[in-house]
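The sequence shown lines up with residues 18 to 201 when you count with the numbering used here.
Since the hints were made in silico from the structure, they are not lab data.
Treat the numbers as computed from the prediction; the structure is a model and nothing was measured.
Mixed in with the good hints there might be a few duds.
[Said to hold, decoys possible] Computed spacing ranges between beta-carbons, pair by pair:
(1) P19 to E178: 40 to 48 Å
(2) A53 to S110: 37 to 45 Å
(3) R196 to L107: 54 to 62 Å
(4) N156 to T49: 53 to 61 Å
(5) A130 to D76: 20 to 28 Å
(6) S145 to R112: 41 to 49 Å
(7) R26 to R159: 34 to 42 Å
(8) T49 to V187: 50 to 58 Å
(9) R159 to D35: 27 to 35 Å
(10) L109 to N156: 20 to 28 Å
(11) R30 to R135: 18 to 26 Å
Every residue, glycine too, gets a C-beta built ideally from N, C-alpha and C.
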Amino acid sequence: RPKKAEYRRFRIRGAPQDDFAAVHEVVTRYLTRRLAEEKPLPDLLVIDGGKGQLGAALDAARSVGQEQLPIVSLAKREEEIFLPGRVQPLALSRRSPSLKLLQRARDEAHRFAVSYSRKRRSRRTITSELLAIPGIGPNRRRVLLERFGSLAGVKTATSAEIAALPGFSVKLAERILDRLQLRV
Numbered sequence: 018r019p020k021k022a023e024y025r026r027f028r029i030r031g032a033p034q035d036d037f038a039a040v041h042e043v044v045t046r047y048l049t050r051r052l053a054e055e056k057p058l059p060d061l062l063v064i065d066g067g068k069g070q071l072g073a074a075l076d077a078a079r080s081v082g083q084e085q086l087p088i089v090s091l092a093k094r095e096e097e098i099f100l101p102g103r104v105q106p107l108a109l110s111r112r113s114p115s116l117k118l119l120q121r122a123r124d125e126a127h128r129f130a131v132s133y134s135r136k137r138r139s140r141r142t143i144t145s146e147l148l149a150i151p152g153i154g155p156n157r158r159r160v161l162l163e164r165f166g167s168l169a170g171v172k173t174a175t176s177a178e179i180a181a182l183p184g185f186s187v188k189l190a191e192r193i194l195d196r197l198q199l200r201v
């Protein structure tokens with residue numbers, strides 16, 4: 018049973034298209050935080066990926082003095098398990114309960130990461146739509162979203178409701194609604 022309170026999200030700070038660097042960064046940050054908070058390390062770290070991702074994770078663990086931590090990677094296509102120091106991946110039966118457990122863990126981590134990514138992308142879209150309107154900067158955007166809750170809330174507001182906000186005129190309120198209605 019997943020412990021959702023233990024789930025963590027990481028915004029990748031390095032090169033966004035470098036999967037190996039991203040794995041290295043996340044494993045380093047995760048282990049560093051666990052050690053700093055004096056929390057127990059996992060019994061097994063499962064990495065989504067193949068031999069390269071496993072190498073990046075092992076290097077990250079080594080860099081924070083945790084080379085003894087058991088780490089494996091699970092490659093999606095063939096469902097092969099890569100183990101440190103082993104040239105050939107481990108191929109378990111597709112019906113193996115062990116493989117199914119690893120797949121469930123990997124798939125849940127993937128689902129969690131994708132939902133976070135979509136949420137961030139959605140926020141960026143809202144931000145850019147409002148900021149594209151002349152007269153709307155970060156402060157007015159914040160006021161609009163705090164008052165109306167979302168871009169959809171702003172779209173359903175009246176010009177009088179928007180104009181009643183501090184720093185907003187009737188003319189600006191009408192411009193906001195005109196621009197947002199064009200994008201529906």
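Quick rundown of the hints versus the structure:
1. P19 to E178: 40 to 48 Å: This hint holds: roughly 42 Å between Cβ atoms.
2. A53 to S110: 37 to 45 Å: Holds - the Cβ-Cβ distance for A53 and S110, about 40 Å, lies within 37 to 45 Å.
3. R196 to L107: 54 to 62 Å: Hint holds: Cβ distance 56 Å, inside 54 to 62 Å.
4. N156 to T49: 53 to 61 Å: The hinted range 53 to 61 Å is violated for N156 and T49, with Cβ atoms some 35 Å apart.
5. A130 to D76: 20 to 28 Å: holds (21 Å)
6. S145 to R112: 41 to 49 Å: Distance hint for S145, R112 holds at roughly 48 Å.
7. R26 to R159: 34 to 42 Å: violated (22 Å)
8. T49 to V187: 50 to 58 Å: holds (53 Å)
9. R159 to D35: 27 to 35 Å: holds (33 Å)
10. L109 to N156: 20 to 28 Å: violated (56 Å)
11. R30 to R135: 18 to 26 Å: Hint holds: Cβ distance 20 Å, inside 18 to 26 Å.
Hints 4, 7 and 10, counting from the list given before, are not met by this structure.
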